[in-house]
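Undergrad: Taken in order, these protein sequences are the chains called A and B.
First residue of the first sequence? That's 1 in our numbering, and the numbers climb one at a time after it.
First residue of the second sequence? That's 1 in our numbering, and the numbers climb one at a time after it.
Rather than coming from a laboratory, the hints here were simulated on the basis of the structure.
Any given hint might turn out to be false.
Cross-link-like lysine-lysine pairs, in silico, DSS-like; alpha carbons within 27 Å at most [what the hints assert, rightly or not]:
| hint | chain 1 | residue 1 | chain 2 | residue 2 |
| --- | --- | --- | --- | --- |
| 1 | A | K130 | B | K279 |
| 2 | A | K130 | B | K3 |
| 3 | B | K282 | A | K71 |
| 4 | A | K71 | B | K279 |
| 5 | B | K14 | A | K128 |
| 6 | A | K128 | B | K166 |
| 7 | B | K282 | A | K75 |
| 8 | A | K38 | B | K16 |
| 9 | B | K279 | A | K18 |
| 10 | B | K16 | A | K128 |
| 11 | B | K279 | A | K128 |
| 12 | B | K166 | A | K129 |
| 13 | A | K214 | A | K18 |
| 14 | A | K71 | B | K3 |
| 15 | A | K18 | B | K282 |
With beta-carbon atoms standing in for the labels, derived distance ranges [what the hints assert, rightly or not]:
| hint | chain 1 | residue 1 | chain 2 | residue 2 | range |
| --- | --- | --- | --- | --- | --- |
| 16 | A | D112 | B | V131 | 56 to 64 Å |
| 17 | A | G69 | B | A135 | 52 to 60 Å |
| 18 | B | R277 | A | G127 | 38 to 46 Å |
| 19 | A | G127 | B | S186 | 23 to 31 Å |
| 20 | B | N136 | A | D113 | 27 to 35 Å |
| 21 | A | G127 | B | H6 | 21 to 29 Å |
| 22 | B | A227 | A | K128 | 56 to 64 Å |
| 23 | B | G2 | A | D112 | 15 to 23 Å |
| 24 | B | K16 | A | G127 | 15 to 23 Å |
| 25 | B | S247 | A | P109 | 28 to 36 Å |
| 26 | B | Q230 | A | F111 | 37 to 45 Å |
| 27 | B | V137 | A | K128 | 43 to 51 Å |
| 28 | A | K128 | B | Q189 | 47 to 55 Å |
All C-beta atoms in this analysis are idealised placements derived from N, C-alpha and C, irrespective of residue type, glycine included.
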Amino acid sequence: MEYILTTNGLSKQYRHFKALDDLTMHVPKGAIYGFVGKNGAGKTTLIRLICGLQTPTAGNYTLYGIENGTKEISKSRRRMGAVVETPSIYLDMTAEENLREQYRILGLPSFDDIPELLRLVGLSDTGKKKARHFSLGMKQRLGIAVALAGNPDFLVLDEPINGLDPQGIIEIRELILKLNRERRITVLISSHILDELARLATHYGFIDKGHMVKEISAAELEAACRKCVRVEVSDTKALSRVLDGMEVEYKILSETQADIFAKVNISKLTMALAGENCELLGVQERDETLESYYIGLVGGGSHG
Amino acid sequence: MGKLLHAGFARLFKSKIFWIGIAALAGLAAFACIGRYRDAVILPHAGYNTPDGLLFIGAMYAPIWVPVFVSLFVGTEYSDGTMRNKVTVGHSRLAVYLSNVVVCTAGVLVMHLVYIGVMLGLGLPLLGGFVEISANVLVIFFFCSLATMVALTSVMVGVGMLIHSKATGAIVAMLLGLALLLGALSINQVLNAPEIITDGITVNEAGELVQVEPYRNPKYLAGGKRAFFQFLNECLPGNQMMTIGQSVALPRDVWHLPVYAVLLTVVVTLGGAYIFRRKDLK
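Chain A with its partners taken away, still in its complex shape (with noise of 0.2 Å):
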């Protein structure tokens, strides 16, 4: 698989706090990267050293094959946007002089291409307005479109939804699609928005203190992702007989609450639970989420 980046055993210390912890991550070219932690779990930090705005303390990363610390990684960088915590725009500017801005300071020949880049994320009729008067969503396009310019293949960004409203959410969700589908560009975005990223993402990496936990992909996560009945009884005893009488697999949680990894014929069900005394009292049907995934490898501890 080819891979746009790289980290290999990435490490960043602040003092006495350790933000990243000998962190290896994959991001696969042409993915939607859904980079998943808690606060403060080392997300922007992450996104901070490859952008060049910080230095690792330990390990290295490549971008395109390029290796930090090398000249040409400049090069690489070239090919890459990026919108880290907040949109990096001129507030005093307008959107169009924002990517005008944008432009040379990439020394783009021609500004031709601005009007297509504010059609793209939805800012081409904001005019004289300046960034400043801009919604919070408007401001995210306009910094998502200042990333763009100059054609990168790679789109980095830092919790891109953090403070939208739903119809923000909905317009950046569509446009990180696009993006993906019609302009190929890979996109690493670090969220802790789950169900969001459960929308996106083609793969995940999970990362808790500053480690990576797991990578995984959307498809592999599925397959992790099993569906089950969960059923509430009088008495999970009884319930167990009559599953083990039946060869399925499931799973007790209390004294009234089981979940069954299988489909179960209910009527079925519940004359065999009659038959030990036992009474059926709720079923439903779950699917385990990327959220009970996560918490399931990381734990469901405090934020950080």
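Guided by the hints, dock chain B onto chain A, whose structure is given.
TA: Leaving out everything else, chain B in the frame of chain A:
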């Protein structure tokens, strides 16, 4: 770096603080000329009827306005987060730092030239030519003032680039500017103190005012201390501006001024760029 300069100058010409600065210095020059003209009309024999001493008033107050302009212009890069855009797309930290030094220096020099242009454009027709100060001294001081402006700007860019918070950077730069100005006044006062006090007056036993015998001024600096204060007077941008603004003749070793200004610029810029290269950006 050419790309960064292109972007930097484009931003400079769109910057409100740059145009406000130009308007303020033009206004200061006009105010100084009109004020002097008014004095000349009201008190025609008091000697306030020439443009002498007006040409470098803008430069004398540079420790006040340069920090304001530079800290707000550079600080915006941090507060708006746009410094990241330059580094993320592969520009070196050195190029980012130097481009800011060049752009801010250009902005400051334009403001300085606007002051001088308005002062000459308004002052010469209203007040006539310079009387106390010769043209060649003015020209030498003009070039010295350019070198000092560059040095002062490089110091303020260093402050702006190394302090991540725009507000903190602005406060530190303005306090530093104020310290340079007040320091210049204090050092000047100390250096200009007479060695022997000849005009001391006291009251005798009869209650009459009598002149005392000349005596040595205890506040007069001599030896190594004087040499050190003399060095500060020639080296610090605030003092250089004061010398340029208040002198009517060239001081001894006038060439010290641009040499120290260039040295200060080089040392501060190299040091600032070195620290900025190692700085963790957010």
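Undergrad: Indicate, hint by hint, whether the structure satisfies it.
TA: Against the structure, the hints:
no. : hint                        : in the structure
1   : A:K130 x B:K279             : violated, 31 Å
2   : A:K130 x B:K3               : holds, 24 Å
3   : B:K282 x A:K71              : holds, 22 Å
4   : A:K71 x B:K279              : holds, 19 Å
5   : B:K14 x A:K128              : holds, 14 Å
6   : A:K128 x B:K166             : holds, 26 Å
7   : B:K282 x A:K75              : holds, 21 Å
8   : A:K38 x B:K16               : violated, 41 Å
9   : B:K279 x A:K18              : holds, 17 Å
10  : B:K16 x A:K128              : holds, 16 Å
11  : B:K279 x A:K128             : violated, 36 Å
12  : B:K166 x A:K129             : holds, 24 Å
13  : A:K214 x A:K18              : holds, 19 Å
14  : A:K71 x B:K3                : holds, 18 Å
15  : A:K18 x B:K282              : holds, 16 Å
16  : A:D112 x B:V131: 56 to 64 Å : holds, 59 Å
17  : A:G69 x B:A135: 52 to 60 Å  : holds, 57 Å
18  : B:R277 x A:G127: 38 to 46 Å : holds, 40 Å
19  : A:G127 x B:S186: 23 to 31 Å : violated, 54 Å
20  : B:N136 x A:D113: 27 to 35 Å : violated, 55 Å
21  : A:G127 x B:H6: 21 to 29 Å   : holds, 25 Å
22  : B:A227 x A:K128: 56 to 64 Å : holds, 59 Å
23  : B:G2 x A:D112: 15 to 23 Å   : holds, 21 Å
24  : B:K16 x A:G127: 15 to 23 Å  : holds, 19 Å
25  : B:S247 x A:P109: 28 to 36 Å : violated, 50 Å
26  : B:Q230 x A:F111: 37 to 45 Å : violated, 55 Å
27  : B:V137 x A:K128: 43 to 51 Å : holds, 49 Å
28  : A:K128 x B:Q189: 47 to 55 Å : holds, 53 Å
Hints 1, 8, 11, 19, 20, 25 and 26, counting from the list given before, are not met by this structure.
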